[in-house]
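Chains as they are written, first to last, in the working numbering: chain P, 464 to 1066; chain V, 35 to 65.
Keep in mind the hints are simulated off the structure, nothing from the lab.
Model, not experiment: these values are computed from the prediction.
Don't take each hint at face value.
[Said to hold, decoys possible] With the Cβ distance kept under 8 Å, some of the chain V side facing chain P (calculated, not the full set):
#, residue
1, Pro36
2, Asp37
3, Phe40
4, Leu42
5, Leu43
6, Ile44
7, Ser47
8, Tyr48
9, Thr51
10, His52
11, Ile55
12, Leu58
13, Ala59
14, Leu61
15, Glu65
No residue lacks a Cβ here, since even glycine has one placed at the ideal position from N, Cα and C.
Chain residues, written in single-letter form:
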Amino acid sequence: MTFAAIALGSVLLGVVALCAKPFGIYVADVMEGKPILALRLGGQFERAIYQLAGIDAAKETGWQQYALNVLVFSTLGVLFVYLLQRLQAWLPLNPQSLGNVTADSSFNTAISFVTNTNWQGYAGESTMSYLTQMLGLAVQNFVSAATGIAVAVALIRGFARHASATIGNFWVDLTRSTLYILLPISTLLAIVLISQGVIQNFAANRDVTTVSPTEYQRPKLDAAGATIKDASGTAVTENASTSTQTLTMGPVASQEAIKELGTNGGGFFNANSAHPYENPNAFTNFLELFAILLIPMALTFSFGRIVGDARQGWAVLAGMTILFASLWLVAVSSEQAGNPSIARQGVDQEYSDVQSGGNMEGKETRFGIAASGLFAAVTTATSAGAVNSMHDSMTPLGGFVPMFLMQLGEVAFGGVGSGLYGMLIYALLGVFIAGLMIGRTPEYLGKKIEVFDMKMTSIAILVTPIVVLVGTAFGVAADAGKIGVANPGAHGFSEILYAFSSAGNNNGSCFCGLAANTPFYNTALGLAMWVGRFWVLIPVLAIAGSLAAKRRAPVTAGTMPTHGPLFVVLLIGSVLLIGALTFVPALALGPVAEHLMLDGGTP
Amino acid sequence: MPDLIFVLLILASYAVTHLLIVGLARLGRVE
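Can you build the whole structure from these sequences, using the hints too?
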C-alpha cells in the first residue's frame, strides 16, 4: 500500500473529524430547539410551515405515534414517487421526451429513494425526466436523510430523558433537520461543485463533433431491421465510425450535493460519481468523500452533547473509526496488490513512476486506485452507495470489503442517522453481553437494559441478515435470479449477495455485473429495502420509548464505564461477532472462494 | 394491471409494518 493512499485516507478522516465536532454540536442544538441564531433567523418560516401543515409543534408524541408518522410519511412518499415515474411522459421538464418508467422499476426506485437506499436498476440519464429527478428523487434525498436524523435523535432522547412518555415530534424533527441542517450545506456544496465543473441546467442533451472519429463494431441488420446471426447464432457485426458524441445535460449539482451529504448515493448519471459531470476532478472527489462522512460522524458529537457526556460520543466514534480504518486498508492494499493470475504471467503490476500498478480495471484514471478504494470503503461504511469506480471489477478481497462493511450493518460510520442508531443498538448488545459476564443487570447511560429492550435489539439486529441471506437464497435458486448474473460461479454468487446486502442495508451500491432491472429483482430488492429500513427503524423507536420512560440509575462502583477503551473493544467485538457469525459462510462461497481460486492459479 | 399490483404491494407493505408497530407496542405494555 502506497504512502499516498494512506495519507489520502488519513487526511480525509482528520479533516472530517475537525469539522464534525462543531457541526455535531450545531445539529444537537437545532434538534433540541436551543435559541441559536439559525433557529431565530428561520423561526418565522418554520412556524409558517407548521401552520400550513396544521402541526402543533409543541405537542410531542410517544414512540408508537412517532413511528406511525414516519411510516405514513414514507408510504405517501413511495406512492408519490411511483406515480411521478409512471406519468413523467405527460409532465413538464422532459426535454428528451423520455417515456414513462416501467411499473416494476418505478416500484423499486420509489422504495429505494424513500428508504435512503438509492439502489438504481435504471440508467438515470436515459430513464428519468428532469422533473422526476428533482421533484421525486432529489426531494426524497432530503427527507429520507432527515427521517434518519429524526429517528437517531429520538433514540438519543430516549437515553437523555427519564420518566418521560414522549420522544419528540416527528414533524418538527423532520422540518428542522431539513431546513437548518441539510438545505444550507447542500446549497453551499452545490455551488462549490458547480464552480468545479459539475453541470446545472435544464437543457436538452447536446450532440458535439469529436476531435477524431471513433471506430466501433455494430450488429448487422437485415432489411426488416432485425439482427443477422451466423450459423452458431452469434450476431454478425460490421465496422462503423462516428464523429458525434451526445453529452447528457441536466440539473446535476443540486442533486449531487444532497446525494453525498444525505448518504443517499443515487446518481444523476448511470456512471454515478465516476461521471465527469458529477465528479470532475480530485478536489470534487475529496469534497464528495468529505460530504458523505460529515453528518454520520457529526452525529456522534450530537449524541455526546444531548446525553450530557461528550466522552460517550467519542467512544462511539472511536469504535466506528477503528472498524472503518481496518477495512479501508484491506480494500486499498488488495487493489494495489493487483491480480495474482496476471502477475504469474510476468506482467509488472508494481506501482512506479510510469504506471499506477495494481488493479485499474473499472477505475477512473482521474482518481486512481487510492481514491477509488477509499471511495468504495467510505460509500459502503456509510449508507451512501455512490461509486466512483465499478465494484464488480475489484479484486475478490477488495470487493469483499464493501460487501462486509454493508453486512456489518453500515455502522462505521453509517448512514445519516441510521449509522448512529445502528451503532447504539450494538452498544446495547455489548453492555448486555458484558452484564451477562459479570452477573449484573446491564446498564447504558444510566438506563437499565431489560427484557423488552433486548427483544427490540434482537429484532433490529437480526432483521437485516435475514433479509440479505433469504433474499440471496431466492436469487440463486430462482431462474429469474440466475439469469441476471454476468459471471457465473463464485463471482456470480457475489453479485447476488452484494445486491441483497446493499438493498437490505439500504446502501444502494452494486456489483453491477448483475442485470437487476428485471421484474424479479425490482420486486425482490424493493421489498428487501422496505423491510431493511422500517423493520429496523421501528424497534429502534420502541427502544427509544422504553428508555425514555425509565428513571436514571445512579452510577455505582459496579457500573461499567461506557466511555473508555474497554467499552470500545466491546463495541467493536459485538459488531464483528454478529457480522462474522452471520455472513462468513456466505462470504466463503463468494469473494473468499474467488480469492482462493485466483491465488491458486485458476483465472 | 401492473400498476394495481404494485400499488397494492406498497399498501400491503404499509399494512404489515403498521401491524408490527401495533404488535411491538402491545408487547411493550405486556413486558
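Against which earlier hints does the structure fall short, listed by number upward? Of the numbered hints given earlier, the structure breaks just one, which is hint 4.
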